[in-house]
Amino acid sequence: MKNRKFNQLILSMIVLGISLGSCSKDEDNSNDGPSNNADVSAKVDEYPRSGDLVATAESDLEGELTFTLSRVSVDDAFIMDSSTGELRAANPFAFDYETNTEITGEITVSNGTETVGLSLQVDINNIDDIAYFLRESKAAYQAASPGDWVPITSSEYLTLSIEIGETVKSGTTDEQYEAGVFVEVFDVYFDSTVANDGPEIPENNYVYAFKYWSDSNNASGNKVKISTQSLTDGYEDLGNVLPTSGVGEQNFVLKGNDALTNGIGYLGMYSQVGLSYDVRANAVGTHYFVEGDTGTIGNNFNIVQRVCLYQGLSTPIKQWD
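Just so you know, we're using this note's numbering here: the sequence shown kicks off at 474 and counts up by one.
Heads up, a few of these hints could be off.
As the list claims (entries may be wrong) - What follows is a list of derived Cβ distance ranges for each label pair: (1) T632 with N598: 16 to 24 Å; (2) N598 with E639: 18 to 26 Å; (3) G707 with G620: 40 to 48 Å; (4) G719 with P565: 30 to 38 Å.
Said to hold, decoys possible - Below 30 Å or equal to it, Euclidean Cα-Cα: the simulated DSSO-like pairs (lysine-lysine) are: (5) K611 with K791; (6) K611 with K696; (7) K611 with K642; (8) K642 with K791; (9) K791 with K696; (10) K696 with K642.
No lab work stands behind these hints, which were simulated from the structure alone. Just so you know, even glycine gets a beta-carbon here, dropped at the ideal spot from N, CA and C.
Using the sequences plus the hints, can you model the full thing?
Structural data, given as structure tokens:
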């Protein structure tokens with residue numbers, strides 16, 4: 474380590490303006506090794522497990538050494554072993570690529586008499602966040618093709634809504650949806666395209682998950698619809714046909730969506746069979762409907778204080794493959 478620092482010092486004296494141990498990340502984007510010239514460097518995937526070894530600091534100082542993480546750019550990222558120099562992951566969510574592509578810092582090494590500082594840089598590899606947060610449905614999601622809606626559990630849907638960065642909910646609010654499904658008797662749409670006059674999809678967002686309440690034992694042929702023209706016109710299919718499902722809440726995640734909304738978006742649904750609405754008007758809201766699988770709903774069928782029981786999740790940050 475001392476020899477390397479000496480050589481760097483000589484080089485910096487010859488070529489002014491070149492900093493010790495600096496290197497652009499763009500020089501090497503492979504996963505084969507560190508992409509920088511920091512004294513302690515490593516590459517890790519997003520969300521390492523707490524306790525995973527990230528790197529080990531070393532020094533040529535003699536005697537019993539003490540290692541201290543004296544500065545770090547992301548709080549709660551590392552646990553440092555003061556005697557071995559091992560640097561381990563602390564909080565997995567400190568390693569979120571969409572928030573930080575790298576974590577830098579400074580490690581101080583001392584033998585009680587001499588002290589040296591080591592630069593630290595850990596590059597974070599981007600992974601599919603949706604796959605990471607799925608548990609029961611992960612294998613099915615990984616095996617799916619782009620455009621497929623993959624059935625997931627209600628707890629996975631909730632987890633994604635919390636953990637996928639900058640998620641917004643459209644179609645219904647949580648309060649509307651929960652009030653609507655509280656009723657015991659539903660009315661069901663057959664061969665109809667519907668749209669709630671509910672929360673919109675922000676401009677430049679990706680829809681990545683969807684849920685609805687089915688009151689059919691064999692709900693098939695249903696589709697998620699989206700429009701960036703208006704609430705009642707311009708609807709197109711989003712992804713492939715939803716998988717056949719039964720009675721109750723049906724939750725799905727969309728594999729590989731790379732289509733941003735090019736304006737404010739409106740979320741709708743084609744119900745071949747099964748989509749329920751709040752027949753008792755527990756949730757204040759409005760929806761439009763028209764017979765058939767169509768892009769134009771029109772505004773002739775206005776049902777006051779009724780919401781269809783569906784909701785979508787979207788985000789402006791693409792966090793999946």
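Taking the hints in turn, this is what the structure says about them:
no.	hint	verdict
1	T632 with N598: 16 to 24 Å	holds, 22 Å
2	N598 with E639: 18 to 26 Å	holds, 21 Å
3	G707 with G620: 40 to 48 Å	violated, 20 Å
4	G719 with P565: 30 to 38 Å	holds, 35 Å
5	K611 with K791	holds, 18 Å
6	K611 with K696	holds, 22 Å
7	K611 with K642	holds, 22 Å
8	K642 with K791	holds, 16 Å
9	K791 with K696	holds, 22 Å
10	K696 with K642	holds, 18 Å
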